[in-house]
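Line order of the protein sequences matches chains C and X.
Taking the working numbering, I'd label the letters of the first sequence as residues 35 to 378.
Taking the working numbering, I'd label the letters of the second sequence as residues 9 to 209.
Hints in this document: simulated from the structure, not taken from any laboratory.
There may be inaccurate statements among the hints.
What the hints assert, rightly or not - Cβ pair distances, simulated, as ranges:
{"#": "1", "chain 1": "X", "residue 1": "LYS134", "chain 2": "C", "residue 2": "TRP259", "range": "17 to 27 Å"}
{"#": "2", "chain 1": "C", "residue 1": "LEU96", "chain 2": "X", "residue 2": "GLU61", "range": "22 to 32 Å"}
{"#": "3", "chain 1": "X", "residue 1": "ASP58", "chain 2": "C", "residue 2": "GLN161", "range": "51 to 61 Å"}
Unchecked claim - Here are the simulated DSBU-like pairs of lysine-lysine, each with C-alpha atoms no more than 30 Å apart in a straight line:
{"#": "4", "chain 1": "X", "residue 1": "LYS132", "chain 2": "C", "residue 2": "LYS255"}
{"#": "5", "chain 1": "C", "residue 1": "LYS131", "chain 2": "X", "residue 2": "LYS92"}
{"#": "6", "chain 1": "X", "residue 1": "LYS115", "chain 2": "C", "residue 2": "LYS255"}
{"#": "7", "chain 1": "C", "residue 1": "LYS174", "chain 2": "X", "residue 2": "LYS113"}
To be verified - Negatives, chain C to chain X, calculated, CB over 10 Å:
{"#": "8", "residue": "LYS56"}
{"#": "9", "residue": "ASP74"}
{"#": "10", "residue": "SER278"}
Source: prediction; values computed, not measured.
Every residue gets a Cβ at the ideal spot worked out from N, C-alpha and C, and that includes glycine.
Listed below are the residues making up each chain.
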Amino acid sequence: MKTGRLLFLISRIHGLKTHLLKKQEYISLLRRQGMAGMSDSLLTGDYSIDVSRIPTRELNALHMEKVFYEKLSQRWYFLLRITSGKLKELFETYAKKMEIENLKRIIRAVHGKTEIYDEQLISMPRQYQEVNFPALLAAKEMREVVELLKESPYKNVGKRLVEYEAHGNPTLLEAELDKIYYADVWAKTNETPDSGKTRAFIGTEVDLRNLQWILLSKYMKVEPWLVHENIIDIGHALRKSTVSRLIDVDAQKIPHTFVPPQYFETMRRAAELIEQGKIVETENLFSQHLYSNAEKVSIRNPNSLVYVFSYLQLCFRETRNLTMLAIGKQMKMSENRLENLLFL
Amino acid sequence: MGRISPSQGTLMTLRTNLVFIQNALSVLKLKRDRLAEELTMLIKETSGRDRVEEQLVEIYNDYKTTLASLGLSKVHSVSHSTRKMMVAIKERSIMNVKVPLTETKEKTSTAIIQDASLFQLAEKLKPVIEEWLNIANTETSIERIAYELTLVNRKVNAIEKVVIPSYQTQVKYIEEYLADEELEDFTRIKHLKSVLREEKI
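Chain C extracted, bound-state conformation (with noise of 0.2 Å):
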C-alpha cells in the first residue's frame, strides 16, 4: 500500500521525467554547429536560464560542464523539497554522491598540494552539506581534511589516514567516502516503501562499480589488497565469493569465471574490449548497462519508489551525455566519434 505522499513524489517525477532530453534531441545537438549552436539549442528547454548567463565570449566547455552539473545538483535536490520524514532522508543520502564527489576533488588536490577552489566543486545547497567546504579548501595537509571530517559522517576516514601516509594513496581515502556513502544509502532504504526494489537498483549500482574496478584493476596492474579495499561489500547479484574469484584469477581467464547472467554479456564484451586497448569503451560499457537498467526499470516500475532512483540516475547519465557533447565540440571531435560514446 503506498502512501500519498509517495505517490505525489513518483506523479511529480513523471512529469520531471519528460523534461529529460531523449534521443533524437541528442542527435539534433550532436548535428549542430559548434559550442555555439549547442547553447542556441539548449536555450528551448531546462537548461534555458543557466546556458543564457553565459556571455557569449565565455561559451565553453568548462562553464557548459558547470551549468550541466549544476542543473543536476537542483534536480537531485529539487526532490528533498517535495519529500518528507524517511523518504526525504532517503534521498538526501542519496544525494550526498555530490558531497562525496566533492571531497574526493578536495583530497586528490591536497594529495598532489595542489589549490582548489570552490568554482571546482559541484555546487549543492548550504543546507545539505554536512562538511565546512572553506575549511577543508583551505587545508594544506591529509591530516587537516581528516580532522575537519571528524565531526561530520564522514569520520571513518581518518581511519585511513595512517595507510594512506604509509602508502601515499589517496585512493584508500576515496575508497573509505564511497563505502560509508553506500552503507549509509542501503541503511536508509531498508526504512522506506518498495526497499527490496530500490535495493536492487543501488545494488546493481554497487555491482557493476565493483565489476569495472576488479576488471579494470587488472589492466592497471594494481596490488591485490588495494584491489580488495576498493570493493564495496554491498551488493545485489554479486556474492563476495565471486568477488574473491574475480580478484584471484588472471584477467584472461575472467570471461570463463562466475559472474551473474545479468552481467555476463557486460563482462565479456568488457573483457574483449580491454584485450583490444579500449579502455574508455570498456568504462562506457559499463555506464551504459547502468544507465538502461535504470531504463528498464522506469519503465517495468512506474508506480515504485525506484522510479524516482531511475529518474536521478537518467538525470546523471543527460549531464555525462551533454558534458561529453560541449567538450567534443569545443575540441573538435567527429561526430561519429561522438555519436559512439554517447549514452543513448
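For this one, chain C is given, so just place chain X on it according to the hints.
Showing chain X alone in chain C's frame:
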C-alpha cells in the same frame, strides 16, 4: 700600407702575429670540423621526431575521447592528485658552445590513478614525453651549434681570405722595403769607399 713603419721591429712583430693567426686559424678549423661532426651526429638523433609526433597526435586524440567521456572537472581533479614530473635543465659544453641537458629529477607516478582510461593515457604519455624532451634537447643543441658554426666559418673565412693575405702583403712590403734599403746602403758605402780611395791616391 702607408701607416706601417717599415722597420725591422715591425717586420718581427708582423711575422709573430702572422704565426699566431695561422695557429688560431688551424684551431678554428679544428673547432669547425668538430662542430660539424657533432651536428651530423645530432641530426641523426632527430630522426625519431616524426614517430614521436605521430604518437603525440594519437595520444591527443585519445585524450579528447577520455576528456569527453569523463568530463573536464574529473580529469582536472585526477591530474591534481598525481605528482608533477620535475625536470632540471643543465648545460654541457661542446667546443665552448653551451647546449642544454635536461635531466628528469622526479618521474610522475601513475600508480595512484584509479581511473583506467586516464591511467592508460598517462602510461602512453610517459615514455613519449621523455623522448620528446630528448628531441627538444637535441634540436636546441643543433640550433646553438649551427649558429656557432656559422660564426666560426665566418671567422675562418675572414682570417683566410682577408687577415692572413693582408699580413702577408705587409710582411712582403716591409721585406722588400728593407732589402731595397740594404742595397741602397751597400751601394752608398761602396761609393763612399771608392771616393775615399781616390782621395788617398
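Hint check results:
| no. | hint | in the structure |
| --- | --- | --- |
| 1 | LYS134(X) x TRP259(C): 17 to 27 Å | 25 Å, holds |
| 2 | LEU96(C) x GLU61(X): 22 to 32 Å | 28 Å, holds |
| 3 | ASP58(X) x GLN161(C): 51 to 61 Å | 58 Å, holds |
| 4 | LYS132(X) x LYS255(C) | 15 Å, holds |
| 5 | LYS131(C) x LYS92(X) | 29 Å, holds |
| 6 | LYS115(X) x LYS255(C) | 19 Å, holds |
| 7 | LYS174(C) x LYS113(X) | 24 Å, holds |
| 8 | LYS56 | 21 Å, holds |
| 9 | ASP74 | 20 Å, holds |
| 10 | SER278 | 20 Å, holds |
Violated hints for the displayed structure: none, as all numbered hints are satisfied.
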